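With these hints in hand, go ahead and build the complete structure from the sequences.
Protein sequences appear in the order of chains B and W. This note's numbering puts the first residue of the first sequence at 124, with every later residue one more than the last. This note's numbering puts the first residue of the second sequence at 124, with every later residue one more than the last.
Keep in mind the hints are simulated off the structure, nothing from the lab. It should be emphasised that the depicted structure is a prediction, and the values quoted were computed from it without experimental measurement.
Identical copies go unnamed one by one, so any copy, or any two together, can satisfy a pair.
Straight-line Cα separation of at most 20 Å, EDC-like style, residue types lysine to aspartate or glutamate; simulated pairs:
no., residue 1, residue 2
1, LYS277, ASP314
2, LYS309, GLU183
3, LYS206, ASP285
4, LYS345, ASP367
5, LYS277, GLU316
6, LYS356, ASP298
7, LYS309, ASP179
8, LYS341, ASP375
9, LYS242, GLU211
10, LYS345, ASP191
11, LYS286, ASP314
12, LYS277, GLU315
13, LYS136, GLU164
14, LYS392, GLU466
15, LYS341, ASP371
16, LYS286, GLU262
Protein chains: 2
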Amino acid sequence: MENLNEILDEVEKLLEKHDYYSIKILFRDMEPADIAAVLEEFPDRIGVLFRVLPKDLAAETFVEMNSDYQKLLLSSFTDNEMKEVINELYIDDAVDIIEEMPANVVRRILDNSDPEARKTINEILKYPEDSAGSIMTTEYVRLDEDISVSDALKRIRRTGVDKETIYTCYVTKPDRTLLGYVTAKKLLLSDEEMIISDIMETNIIFVGTNEDKEVVAKEMSKYDLLAIPVVDKENRLVGIVTVDDAIDVIEDEATEDIEKMAAIIPSDKPYLSTSVFEIWKKRIPWLLLLMVSATFTGQIITSFESKLAACTVLTAFIPMLMDTGGNAGSQASVTIIRGLALEEIHMRDIFRIIFKEMRVSLCCGVVLAVINFGKIMLVDRWLFHNESITPTIAFVICLTLVATIFVAKLVGCSLPVIAKRLGFDPAVMASPFITTIVDAISLLIYFSIATAVIPSL
Amino acid sequence: MENLNEILDEVEKLLEKHDYYSIKILFRDMEPADIAAVLEEFPDRIGVLFRVLPKDLAAETFVEMNSDYQKLLLSSFTDNEMKEVINELYIDDAVDIIEEMPANVVRRILDNSDPEARKTINEILKYPEDSAGSIMTTEYVRLDEDISVSDALKRIRRTGVDKETIYTCYVTKPDRTLLGYVTAKKLLLSDEEMIISDIMETNIIFVGTNEDKEVVAKEMSKYDLLAIPVVDKENRLVGIVTVDDAIDVIEDEATEDIEKMAAIIPSDKPYLSTSVFEIWKKRIPWLLLLMVSATFTGQIITSFESKLAACTVLTAFIPMLMDTGGNAGSQASVTIIRGLALEEIHMRDIFRIIFKEMRVSLCCGVVLAVINFGKIMLVDRWLFHNESITPTIAFVICLTLVATIFVAKLVGCSLPVIAKRLGFDPAVMASPFITTIVDAISLLIYFSIATAVIPSL
Numbered sequence: 124m125e126n127l128n129e130i131l132d133e134v135e136k137l138l139e140k141h142d143y144y145s146i147k148i149l150f151r152d153m154e155p156a157d158i159a160a161v162l163e164e165f166p167d168r169i170g171v172l173f174r175v176l177p178k179d180l181a182a183e184t185f186v187e188m189n190s191d192y193q194k195l196l197l198s199s200f201t202d203n204e205m206k207e208v209i210n211e212l213y214i215d216d217a218v219d220i221i222e223e224m225p226a227n228v229v230r231r232i233l234d235n236s237d238p239e240a241r242k243t244i245n246e247i248l249k250y251p252e253d254s255a256g257s258i259m260t261t262e263y264v265r266l267d268e269d270i271s272v273s274d275a276l277k278r279i280r281r282t283g284v285d286k287e288t289i290y291t292c293y294v295t296k297p298d299r300t301l302l303g304y305v306t307a308k309k310l311l312l313s314d315e316e317m318i319i320s321d322i323m324e325t326n327i328i329f330v331g332t333n334e335d336k337e338v339v340a341k342e343m344s345k346y347d348l349l350a351i352p353v354v355d356k357e358n359r360l361v362g363i364v365t366v367d368d369a370i371d372v373i374e375d376e377a378t379e380d381i382e383k384m385a386a387i388i389p390s391d392k393p394y395l396s397t398s399v400f401e402i403w404k405k406r407i408p409w410l411l412l413l414m415v416s417a418t419f420t421g422q423i424i425t426s427f428e429s430k431l432a433a434c435t436v437l438t439a440f441i442p443m444l445m446d447t448g449g450n451a452g453s454q455a456s457v458t459i460i461r462g463l464a465l466e467e468i469h470m471r472d473i474f475r476i477i478f479k480e481m482r483v484s485l486c487c488g489v490v491l492a493v494i495n496f497g498k499i500m501l502v503d504r505w506l507f508h509n510e511s512i513t514p515t516i517a518f519v520i521c522l523t524l525v526a527t528i529f530v531a532k533l534v535g536c537s538l539p540v541i542a543k544r545l546g547f548d549p550a551v552m553a554s555p556f557i558t559t560i561v562d563a564i565s566l567l568i569y570f571s572i573a574t575a576v577i578p579s580l
Numbered sequence: 124m125e126n127l128n129e130i131l132d133e134v135e136k137l138l139e140k141h142d143y144y145s146i147k148i149l150f151r152d153m154e155p156a157d158i159a160a161v162l163e164e165f166p167d168r169i170g171v172l173f174r175v176l177p178k179d180l181a182a183e184t185f186v187e188m189n190s191d192y193q194k195l196l197l198s199s200f201t202d203n204e205m206k207e208v209i210n211e212l213y214i215d216d217a218v219d220i221i222e223e224m225p226a227n228v229v230r231r232i233l234d235n236s237d238p239e240a241r242k243t244i245n246e247i248l249k250y251p252e253d254s255a256g257s258i259m260t261t262e263y264v265r266l267d268e269d270i271s272v273s274d275a276l277k278r279i280r281r282t283g284v285d286k287e288t289i290y291t292c293y294v295t296k297p298d299r300t301l302l303g304y305v306t307a308k309k310l311l312l313s314d315e316e317m318i319i320s321d322i323m324e325t326n327i328i329f330v331g332t333n334e335d336k337e338v339v340a341k342e343m344s345k346y347d348l349l350a351i352p353v354v355d356k357e358n359r360l361v362g363i364v365t366v367d368d369a370i371d372v373i374e375d376e377a378t379e380d381i382e383k384m385a386a387i388i389p390s391d392k393p394y395l396s397t398s399v400f401e402i403w404k405k406r407i408p409w410l411l412l413l414m415v416s417a418t419f420t421g422q423i424i425t426s427f428e429s430k431l432a433a434c435t436v437l438t439a440f441i442p443m444l445m446d447t448g449g450n451a452g453s454q455a456s457v458t459i460i461r462g463l464a465l466e467e468i469h470m471r472d473i474f475r476i477i478f479k480e481m482r483v484s485l486c487c488g489v490v491l492a493v494i495n496f497g498k499i500m501l502v503d504r505w506l507f508h509n510e511s512i513t514p515t516i517a518f519v520i521c522l523t524l525v526a527t528i529f530v531a532k533l534v535g536c537s538l539p540v541i542a543k544r545l546g547f548d549p550a551v552m553a554s555p556f557i558t559t560i561v562d563a564i565s566l567l568i569y570f571s572i573a574t575a576v577i578p579s580l
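Rendered as structure tokens:
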């Protein structure tokens, strides 16, 4: 980071002096991701800075930039410049960029692509959003099963330069039906005379074009793959997904789950480049829904209004009981949600989960109740001289605490599993949702116990 | 998943018939991760099932198993079996396993390792937990700078079989000082006569042995690397981290952040194999702390007790105001926490963030207030015939809503940034923490506005 600041100062100085040659030298030893970060800090001069980059570095840097800046740059490009950058890109990167651009820019990009690339891009664009097909690249190494290792190596030498990876080569029939794969390691370590069909691995993990990209990433992570083949309904190889794209998917999916858990509708745009209105649109629906559902808690309190008036001290502990219940419930729900997402927990485990949470909740509840009893008597009654707090009141509060935590953890651990069973995303069953349910339950428990234990109510 | 169930039935039938040969055939065409999943379903027969596996598949399957089952298997191994499995493992996998085992098992593993492997394992075990050194492997391809491409390829053919990856080869001086790298792709596509120093890439991304593994994974994701070199303080190459391990780190870090956000102390053990007591230990500290901090909200309510008694209807809206404030605050905090974790947001952006959240919170607050006013008058007053709800009361509630959301979003967006500035993990500043603070603030706002607006209070 400090390093980046130094580079920014340096670039600024060189820009003032119009010393583009030194900037070129400076960029030559930098990684595309870092150059992109520098360019984004000079939006007014982004075109000038971009033009000092050599062709291949320019394309790689372009890919690393935020889509807002890509748009800015594209609008400043001549058709020729556009052609040069676009045709240097890997197909999957080109598709990623196109998906973020407005229609007129897309048209310009496609008009300036090679006819063959344009055809492939158009095909990939047809796959559903978030499918394997939409994130795959068509630039992979294909081998015939009857050639020798040395011919395979020759083929890689001849065609490999434009392929996104040469480390997993796919063996297919001439009609592209997938037969197996052979790694570059296997090719290098095998005798040059061997025939591909004798050394290829036929036990192959693959995905269909319509498979969810989250599943694709999970398969790659589970089986430690550097690339995974994507096949159509006739089992013909149409593309591959490489591990760098799988990592992006894994990070995006975690972000999505975290946003859902916080009652936000997920967005794939970085926070700082999202407009206030867009952020508002992602946040208001859940706030609204949860606010309206709080009508129930209001109704419960209203129906006990006269009793609360008779024993006003009970009101003071409502926030503590609701919050502790909510926290206990979301601990359970979030643990289960993440376990389901990582496939460490399955639907068939539901009874084990419930039994486990029952025991955990009793342990938590009893400890919290005992400490709370001491705290209420020592701090609230003795230290703050609140004479209306009697041992009976403290007992009601602590009993409510145990019962609330018990129910909260059970609701928290079972709702995500039920949601998954019903085909919903378990992630929405996190803190805010659980809190709203647990609030109502904890109030009902509180008032029932109070009515039963305190004779005057 | 259905497939797994079918295989489990099949294995069960074959086990009953003692038909180990068919099991062997069945396993031969399966992936190690899937065989591990099958074995874990037969804990009583795990030794028998494991022994049908050929040597290399056995080691790969062992790595994929949960540490509880690894322990179970190791305890059933003879020294000879132990030797066979351990010496088939990659060093980094062996270290991962050893880190999870009790001391007596560790001693047995080390006693049965090759002397050289034992030395390397002991060295890696010395690196701090979660450091680059602790997750690296020492099995990489090293090349001298003055050899030719064809010699390099020969060297890979000779030594590559035991290396975790051959796709990035590291060029060092004889004392292992890191000079650069050359990819297998580059080697294959270059003229055989070329000298390594002419084709190697010297602009190399590397990490130190003590670097946090999270940083390692981030670098690999940022620069799309398949492997990253790990160097000591003298810039000498000591190992590499491969992309499959980086993916595990990324998943673990996301889980850790999610757990922290839900007020759980992170654990790296899967939920189902964690004991009730361990789960309790991870959950009770935050529950306790947050419960005790709720003393403030109790005090605030107590100090307004007489006013609440005079206008009991105000109590009914406390849960709704607290929850909406909490939800609004955690939406902001979670967005910022994730942005910081993905490095999309930096400390220098704090004023942009605050300004953005101010505008978002006003948009959210006003919309919620207007809808809530309508809801209170129509549902609570008119539908439920609650005559004590006057337009003045509804006004107090809605004004509180706007102010609470405003403050909640400001607190929510700034606390994570401040935490990071002070060197704490921003993730702990999520929902539960924010909720506790926002609860107290929203009550203060509520009672202040009520006192100011309602003449009888």
